[in-house]
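Visitor: Starting from the known structure of chain X, fit chain S onto it as the hints suggest.
In case you want the letters, here they are:
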Amino acid sequence: MSLLTQVVARLLLAPLLVLAVGILVKGYTDVGDGFAAGVLAALGVIMYAVAFGAAAAERLLSVGRAYRLALAGLAVALAVAIAPMLGGEAVLTHSPPPGETPAKLGTLELITAVAFDVGICLLVLGTLAAAAGLFARSEPGAVR
Amino acid sequence: MPSTISIRTSLGLARQSERAVPPVEAVLALVMAVLAFAAVLIGWLAGGGSVDVPWAPTLGIRLAFALDGIGALYALVASGVGVVVFAYSIRYLPRHLVHMERPLRDGRSFYALLVLFMLSMIGLATAQDLVLIFVCFDLTAVCSYFLIGFERSEAEARWAALMALVVTGATAVLLLLGAVLLYARYGTFSVPQLASRVEPDATLAVAGALFAVAALAKSAQVPFHFWLRRAMVAPTPISAYLHSAAMVAAGVLVLGRLYPLLAPTGAVRDGLVLAGLASALVGGVLSLSEDRLKPILAYSTVSQYGYVVALYGLGGASGATAAAFYVLMHAAAKSALFLTAGAVTEATGGEDSLRRLGGLWRSMPVLAGVSFVAVASIGALPLTLGFFADELFFKAALASGPLVTLAALAVAALTFTYMFRFWSGVFLGEGPSVASPLAPGLVLPQVLLAVVLIVGGAIVAPFEQLAEAAGAASLGVPAPAEAAYHLDLRTTNLLAVGTFALGGLGLWAEPRLRPLIAGLAGVGARAGPERLYRAGLIGLNRLSDRVHEIEVRDLRTRVATVLGPGAVLVLVGALVTPSAGRYRIGPISLEDVGLLAALGATAGAALAMTRLKRHLPMAVGLSAVGFGLAAVFALLGAPDVALVAVLVELTLSLLFVATLGRLPAEVLSREARLELPRGRRLRDVLVALAAGLSAFFVVWSFTSSPRPRGPVAPELVARTEAAHAKNVVTAILADFRALDTLGEVTVLVVALVGVATLLGRGRAT
Chain X
1 MSLLTQVVAR LLLAPLLVLA VGILVKGYTD VGDGFAAGVL AALGVIMYAV
51 AFGAAAAERL LSVGRAYRLA LAGLAVALAV AIAPMLGGEA VLTHSPPPGE
101 TPAKLGTLEL ITAVAFDVGI CLLVLGTLAA AAGLFARSEP GAVR
Chain S
1 MPSTISIRTS LGLARQSERA VPPVEAVLAL VMAVLAFAAV LIGWLAGGGS
51 VDVPWAPTLG IRLAFALDGI GALYALVASG VGVVVFAYSI RYLPRHLVHM
101 ERPLRDGRSF YALLVLFMLS MIGLATAQDL VLIFVCFDLT AVCSYFLIGF
151 ERSEAEARWA ALMALVVTGA TAVLLLLGAV LLYARYGTFS VPQLASRVEP
201 DATLAVAGAL FAVAALAKSA QVPFHFWLRR AMVAPTPISA YLHSAAMVAA
251 GVLVLGRLYP LLAPTGAVRD GLVLAGLASA LVGGVLSLSE DRLKPILAYS
301 TVSQYGYVVA LYGLGGASGA TAAAFYVLMH AAAKSALFLT AGAVTEATGG
351 EDSLRRLGGL WRSMPVLAGV SFVAVASIGA LPLTLGFFAD ELFFKAALAS
401 GPLVTLAALA VAALTFTYMF RFWSGVFLGE GPSVASPLAP GLVLPQVLLA
451 VVLIVGGAIV APFEQLAEAA GAASLGVPAP AEAAYHLDLR TTNLLAVGTF
501 ALGGLGLWAE PRLRPLIAGL AGVGARAGPE RLYRAGLIGL NRLSDRVHEI
551 EVRDLRTRVA TVLGPGAVLV LVGALVTPSA GRYRIGPISL EDVGLLAALG
601 ATAGAALAMT RLKRHLPMAV GLSAVGFGLA AVFALLGAPD VALVAVLVEL
651 TLSLLFVATL GRLPAEVLSR EARLELPRGR RLRDVLVALA AGLSAFFVVW
701 SFTSSPRPRG PVAPELVART EAAHAKNVVT AILADFRALD TLGEVTVLVV
751 ALVGVATLLG RGRAT
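If you read the sequences in order, they're chains X and S.
FYI, the working numbering numbers position 9 of the first sequence as 9, with every residue one higher than the one before it.
FYI, the working numbering numbers position 22 of the second sequence as 22, with every residue one higher than the one before it.
Chain X on its own, in the form it takes in the complex (with noise of 0.2 Å):
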């Protein structure tokens, strides 16, 4: 790969991975989710991948952990489904309940919905580095 794609691409990490907690952290009040937040973190990682071979983005996060940020996602995800559950109220529902003003970090609302979001958001940078990961190490010709 020429110099210019592997500088833009090592510029480019860490400002997209940035761009891609804002979205989530933001996603509910502005454009964005986090959906497109784990897409966007993916993103960089492949642009990494193609920019530098397959080796240098194994470093940067092996298809195993990235195996395992997925199952850590979708257990996020499961928690905040479940864990009403065990109150006696019925699936995913979301505290704090409308109308109650939730805790705040700044100009940050912690509420359960943006939890699930994260763990939606690791689930899908998980599963897209993994996928590239596998794509990246494979051997040409294997998939028949």
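Because the hints were derived from the structure by calculation, they are not lab data.
Note that the structure is predicted; figures quoted are calculated from it, not measured.
Each residue gets a CB set at the ideal place from its N, CA and C atoms; glycine is no exception.
Heads up, some of the hints might be wrong.
Here are the simulated EDC-like pairs of lysine to aspartate or glutamate, each with C-alpha atoms no more than 20 Å apart in a straight line [unchecked claim]: (1) S:Lys-613 to S:Glu-675; (2) S:Lys-726 to X:Asp-30; (3) S:Lys-613 to S:Glu-549; (4) S:Lys-613 to S:Glu-671; (5) X:Lys-104 to S:Glu-721; (6) S:Lys-726 to X:Glu-100; (7) X:Lys-26 to S:Asp-554; (8) S:Lys-613 to S:Asp-684; (9) S:Lys-726 to X:Glu-109.
Partial selection, computed: residues in chain S whose CB lies under 8 Å from chain X [as the list claims (entries may be wrong)]: (10) Leu-650; (11) Asp-735; (12) Leu-742; (13) Val-745.
Guide: For chain S alone, coordinates are given in the frame of chain X:
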């Protein structure tokens, strides 16, 4: 196999496999059969009972079992013959498995399947709900499939098992169809309720015909009789249980249970009489044409059940009772004969041809006597249970007119002939066959059955009562059948004597008529239903291969086979639906210019792709189309969708280009230069045009129709604030429809597993 030093070994009796303790599964099966028999008998003598619990309340299906006359009779037959067959198998199965070089633990599946079969027969006998009857009906067919195909390594066994399953299973669907028809009309699946509600009309006639066909196929009647002869490849105990006493009895059991639903329609009854008498004749002739023991008995079973079916068809006060009585007698006699055939084959080292057997009465006197009793019972000689069975048969025939009586006489004489041909061929005459001594376990079960038949010949009352109860359960009114010895010149006695005379004549004439009989059997083999079945299966296989070939030939063909017919269907639908006001063109204002430009750019990129030949430009073209669509979404006022569209398009383009990079360059350039034949190109163009047109019309008509202002969208927008959100799309994804999102992302993880499996195969680890 644990072996114990028992008294027998110290006395030097018995052989290797008999020294061993019977396996635990065999004893368990025998105990279960004995318990089942005792339970049914005690329950019946105590006055019967019933179980009725809801099963699928919204459909009105109940788990309703009732130990009434029919239930008791068929359940006693199933469990009683089960006891005998299990006792026989204890000695028979180990020798059989050793002979077939199979491990002895294969016996476990044997007994498990037989016990399951016995339980499903008892369930079928006592079931009072049409869907429950269907389930048990099919359960017996499934058990039969595995049992006929017990010798999995033999192609003949697999073919026979499949044939039995296809014939009985396909017709069982007719049973369900009839049940659904009656449910749609009368609102219930329960047999007693239907029996009180039905009126003779077209629905009942059709349903009755469907039930009748299903029962005929199960009982191997003409034209479905061919599967029973093929099923004789199964081991002897299975033939003795399933294909003489139990599974084929399931068909006539359904006839008896659903009799109130069949009887009102005269055509169905006449059809049953016709099918029954035809089966009796055909079965008899084919039995005479066969040379090997088990096929003779198989066709004899076809013929005997023809009697029963005809009796149900003749109906009336005597028909149903006579039919039940006949089933009872036949079960005992036929299973004894099958077990005898198995023992004879064992003793003579695998000999089962009638020509080569003979004179075995000297070496196997007990077996000869026992099978004589069984044969005499089927041939309706006095002092056996069968005499009364035929007496009731003639009584029912006489009540229906001279033609039926004549047919009944002919059929009875034929039965006499082929049964005694069997017996004399094996036991009488001079035979070169040498028989080794048999273990008592292979003879005693038949002795038990013979005792039942002889006792029935003297004390017919208990059997009569059971049959009367079954007949009453069928008819709904008491159905007495006076079966007794009358030493006078009444017509039934005359007919019985006539049977013996004609039968004896047949025995004498049979060797001379052999060419004629063989000719008739040959006609049946060449033009009969089995031929049709074979041709049908082969044709079906060929069709499936053809379709598969078309589908996997190449990617373009596969896509064309999906898009082409789909597009044609949609276009036909568009042509036939009224199109007044369906397709509208609205006004174009200045604000729409940007949207039109984006749409135009997308369309242009798509058109340009048709001219591209090399792969990399094609990938770029595809992403251009994707980005154009994202711009369209943004201009339509859906920024979230546009964002996701752009991101996904970027990812896919990167992956696409990366994949292309992994392929060897010469492969890509070769594929780019490939020239398709003209016909194929034309086909691709036409299919693409048709698919595009159909999509065009669908989208046009959809966007032309006024969008229904449903309550959902404004509600969602209104509640966004309450969900602590300002972006309704994210609120929908993470809150309102979060369960859908959860499902979708789970699919993503599953897809990842699939990708990993596919790609992981090529790796050199």
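Visitor: Tell me, in ascending order, the numbers of any earlier hints that this structure violates.
Guide: The structure conflicts with hints 3 and 7, although it agrees with all the remaining ones.
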